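First to last, the protein sequences are chains W and Z.
Under this note's numbering, the first residue of the first sequence is numbered 1, with each subsequent residue one higher.
Under this note's numbering, the first residue of the second sequence is numbered 1, with each subsequent residue one higher.
For the record, the hints were derived by calculation from the structure and aren't laboratory data.
Please read all numbers here as calculations on a predicted model, not as lab measurements.
All C-beta atoms, glycine included, are put in the ideal place defined by N, C-alpha and C.
Worth double-checking, as some hints may not be accurate.
[To be verified] Facing chain W, from chain Z, some residues (calculated, C-beta under 10 Å):
1. 18
2. 19
3. 20
4. 91
5. 93
6. 401
7. 407
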Amino acid sequence: MSHILRIENLHVSVNDKPILRGVNLVIKFGETHALMGPNGSGKSTLGLAISGHPNYQITEGSIWLDDANLTEMEADERSRAGIFMAFQRPVAIPGVKMADFLRHAATNVRHPDRKEGQDLIPMREFRKELKSRMEQLKMDPEFARRYVNDGFSGGEMKRAEILTMAMLSPKFSILDETDSGLDADAVRLASASIAEIGRDKMGLLIITHHDKLLEHNPPQFTHVMLGGRIVETGGAELARELHDHGYDRIRKAYPDADAANQQMLAKEESLAV
Amino acid sequence: MSTTTIDKLDSAETFGQQAFERLLLKRIDPTWLTAKRKEAWEIFQALDWPNPRDENWMRSDIRGLKLSKFAPNLDESVEISQAAPVRLLEGVEVSASVRSINGVVVGESLNPTLAAKGVVVGSLSRCARDHSATVEKYLHSLICPKSDRFAALQTAMWSDGFFVYVPRNVRLELPIHLHASMGDGQVDLSHTLIVLEQGAEATVLFESSSPDTASHGFHCGGVELIQHGNSHLRYVSLQDWGKGCWQFAHQRASVGRDSQLQWTVAAMGSRFAQVDQRVELVEPGARSQVNGVMFTQDRQHLVYNTLQHHIAPHCISDFLYKSVLQDSSRTVWRGMIKVSQGAQKTDGYQRNDNLLLSDTARADSIPGLEINADDVRCTHGSTSGRVDEELIFYAQSRGFTRSEAIRMIVTGFFQQIFDRITIQSVREALGAAIARQVRQYE
Ligand SMILES: Nc1ncnc2c1ncn2[C@@H]1O[C@H](COP(=O)(O)OP(=O)(O)OP(=O)(O)O)[C@@H](O)[C@H]1O
Ligand SMILES: [Mg+2]
Numbered sequence: 001m002s003h004i005l006r007i008e009n010l011h012v013s014v015n016d017k018p019i020l021r022g023v024n025l026v027i028k029f030g031e032t033h034a035l036m037g038p039n040g041s042g043k044s045t046l047g048l049a050i051s052g053h054p055n056y057q058i059t060e061g062s063i064w065l066d067d068a069n070l071t072e073m074e075a076d077e078r079s080r081a082g083i084f085m086a087f088q089r090p091v092a093i094p095g096v097k098m099a100d101f102l103r104h105a106a107t108n109v110r111h112p113d114r115k116e117g118q119d120l121i122p123m124r125e126f127r128k129e130l131k132s133r134m135e136q137l138k139m140d141p142e143f144a145r146r147y148v149n150d151g152f153s154g155g156e157m158k159r160a161e162i163l164t165m166a167m168l169s170p171k172f173s174i175l176d177e178t179d180s181g182l183d184a185d186a187v188r189l190a191s192a193s194i195a196e197i198g199r200d201k202m203g204l205l206i207i208t209h210h211d212k213l214l215e216h217n218p219p220q221f222t223h224v225m226l227g228g229r230i231v232e233t234g235g236a237e238l239a240r241e242l243h244d245h246g247y248d249r250i251r252k253a254y255p256d257a258d259a260a261n262q263q264m265l266a267k268e269e270s271l272a273v
Numbered sequence: 001m002s003t004t005t006i007d008k009l010d011s012a013e014t015f016g017q018q019a020f021e022r023l024l025l026k027r028i029d030p031t032w033l034t035a036k037r038k039e040a041w042e043i044f045q046a047l048d049w050p051n052p053r054d055e056n057w058m059r060s061d062i063r064g065l066k067l068s069k070f071a072p073n074l075d076e077s078v079e080i081s082q083a084a085p086v087r088l089l090e091g092v093e094v095s096a097s098v099r100s101i102n103g104v105v106v107g108e109s110l111n112p113t114l115a116a117k118g119v120v121v122g123s124l125s126r127c128a129r130d131h132s133a134t135v136e137k138y139l140h141s142l143i144c145p146k147s148d149r150f151a152a153l154q155t156a157m158w159s160d161g162f163f164v165y166v167p168r169n170v171r172l173e174l175p176i177h178l179h180a181s182m183g184d185g186q187v188d189l190s191h192t193l194i195v196l197e198q199g200a201e202a203t204v205l206f207e208s209s210s211p212d213t214a215s216h217g218f219h220c221g222g223v224e225l226i227q228h229g230n231s232h233l234r235y236v237s238l239q240d241w242g243k244g245c246w247q248f249a250h251q252r253a254s255v256g257r258d259s260q261l262q263w264t265v266a267a268m269g270s271r272f273a274q275v276d277q278r279v280e281l282v283e284p285g286a287r288s289q290v291n292g293v294m295f296t297q298d299r300q301h302l303v304y305n306t307l308q309h310h311i312a313p314h315c316i317s318d319f320l321y322k323s324v325l326q327d328s329s330r331t332v333w334r335g336m337i338k339v340s341q342g343a344q345k346t347d348g349y350q351r352n353d354n355l356l357l358s359d360t361a362r363a364d365s366i367p368g369l370e371i372n373a374d375d376v377r378c379t380h381g382s383t384s385g386r387v388d389e390e391l392i393f394y395a396q397s398r399g400f401t402r403s404e405a406i407r408m409i410v411t412g413f414f415q416q417i418f419d420r421i422t423i424q425s426v427r428e429a430l431g432a433a434i435a436r437q438v439r440q441y442e
């Protein structure tokens with residue numbers, strides 16, 4: 001399989017406030033990319049814009065999955081085309097069981113031409129598959145009967161996102177801090193699971209502030225985002241450097257981007273007040 | 001302005017003295033019943049139609065109701081050109097069933113083993129004759145004809161209906177099914193009376209429907225559920241009248257010592273409905289759980305005035321109504337927990353959640369407490385809001401179309417109530433009835 005996710009000169013605004021200012025990024029199927037950067041630099045925004053969140057307006061540039069222009073597609077069409085994002089803060093859907101949700105999701109993603117009302121994956125077959133995936137992720141089978149993210153602990157939420165990724169086997173996955181809020185054992189388990197499910201089987205864009213996830217999933221490329229742009233790209237050693245020494249060198253090297261980042265954060269604070 | 005509203009409603013032609021006298025002539029009622037009807041008729045004559053300034057009616061718009069377009073059904077033999085759908089029976093084995101058309105019972109059946117145990121299920125008109133003393137004791141014992149003019153009309157002119165009597169310590173394993181159907185443009189003045197003696201247990205599935213969703217009609221009905229000590233009643237009611245129907249109903253329950261009532265209401269139909277639902281906890285240890293799902297569309301307007309009345313101490317009442325509104329529909333819920341003097345250790349809860357699927361839908365939610373005892377715990381809450389766009393995006397990012405996402409969120413919204421329904425077939429039937437109502441969304 002050879003698929004390419006190509007982001008060209010992407011500008012994104014939220015409520016007419018510019019956040020991404022010209023992002024370029026190419027990810028090939030099977031590659032692992034790390035996306036790092038200080039708080040508020042625009043990492044989640046990039047993921048949400050790729051996923052098709054309606055509040056993230058693309059004002060310039062485009063996103064391509066092979067020959068398909070994702071920018072013209074709704075979020076569900078992008079998902080069916082093979083895009084997946086494990087969210088930093090997934091929302092709860094009370095009253096909807098994980099198993100029912102995943103069965104419907106998997107049916108739609110595996111049969112992108114399915115029309116509303118057409119049959120879902122047979123219950124038995126799906127249950128069996130879900131059960132074995134949950135065993136692989138060391139999840140309690142009871143989990144499938146719980147309501148989507150409803151009352152989940154931080155760690156449970158992240159694991160549910162990994163389970164969803166496993167069930168949907170996308171072409172490209174964006175993992176937004178899927179390691180945060182987890183205890184040391186859970187980070188190790190999540191990292192190993194992601195490696196087992198995702199490595200070489202999809203293109204991975206891993207957003208993280210920690211090193212454990214990247215230890216299990218060594219990136220071929222590390223990108224640093226600052227002020228809504230990717231200011232530097234390197235290999236695994238760049239991720240290590242940032243983890244050990246922080247963003248001081250980067251901020252000094254790219255004062256314009258740093259100023260933009262500070263400005264966005266300041267706006268955020270003034271909004272919060 | 002209010003006087004013209006009332007004039008329009010009045011109809012001496014079809015619901016006048018002549019009609020009432022013809023009804024008395026046609027019926028074969030025991031004398032106590034005739035007297036009761038006459039007394040209610042006096043009250044009907046004396047009362048005015050509800051005043052739009054009345055708290056219970058100020059959010060109700062009944063200007064479009066023209067009673068002269070309807071006439072009480074005075075014939076014992078009725079036919080319906082097109083059958084009205086039955087929804088709660090699929091995959092259910094029942095112990096008894098009763099069917100009515102235009103408020104008159106046309107079919108009854110009861111498992112003979114239960115009949116031998118003294119269980120009575122059937123036409124209320126017939127039972128008023130065959131079991132005169134029992135029916136006399138309970139009929140309209142909880143509903144006062146003075147409540148409003150509709151209650152008076154129904155007490156005076158009720159046509160027939162359903163009677164269920166479960167004797168002491170008899171437990172019905174299988175549910176009883178009651179179905180009221182009403183033809184297009186017709187009238188249903190039926191009454192439901194259910195009596196559970198000490199230690200009795202029963203499940204009753206009641207549904208009302210019209211031949212098709214566009215059907216018109218006028219339903220003015222009553223429901224009385226009477227539970228003696230240690231009894232257990234599950235009462236499910238699916239209201240699926242045509243979307244052109246007017247519905248007025250007084251529904252009451254009286255729950256005795258250590259008894260349990262689970263009352264589930266699902267309302268899908270009617271152009272306009274005004275339901276006054278009350279549960280009285282009359283002896284210590286009584287518990288009630290009232291669940292409601294409402295799903296409205298177009299210009300439907302459903303008004304529910306509910307009361308959880310704690311008369312005795314040590315009782316529990318739990319109340320949850322959830323509605324989903326689309327198009328320009330409107331729901332009104334005015335709920336009250338009333339704790340009488342001396343009803344200490346009351347545990348009362350009420351909650352109403354509304355989900356609005358369009359900008360033009362409107363849900364009024366008015367909880368209330370009236371507490372006359374000092375050692376009680378009463379809580380209430382209500383929410384109203386649009387479907388959260390973040391939830392829709394989350395589902396879309398997992399491959400759901402927008403309309404599939406909304407449908408799923410709506411189903412999930414009702415799930416909390418479905419989780420309380422132990423009978424699987426009922427849960428499925430209600431789920432299917434709701435799924436049919438959800439529009440396609442762009
Ligand atoms: N929905 C939104 N509404 C308003 N502002 C937003 C929204 N989403 C992002 N922003 C703003 O865009 C900027 C980038 O936010 P983003 O969440 O992409 O940063 P991040 O790099 O993921 O940060 P973190 O490491 O803290 O997760 C911030 O200033 C943020 O406040
Ligand atoms: Mg983020």
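Hints, one by one, checked against the model:
no. : hint : result
1   : 18   : violated (53 Å)
2   : 19   : violated (48 Å)
3   : 20   : violated (49 Å)
4   : 91   : violated (17 Å)
5   : 93   : violated (24 Å)
6   : 401  : holds (5 Å)
7   : 407  : holds (9 Å)
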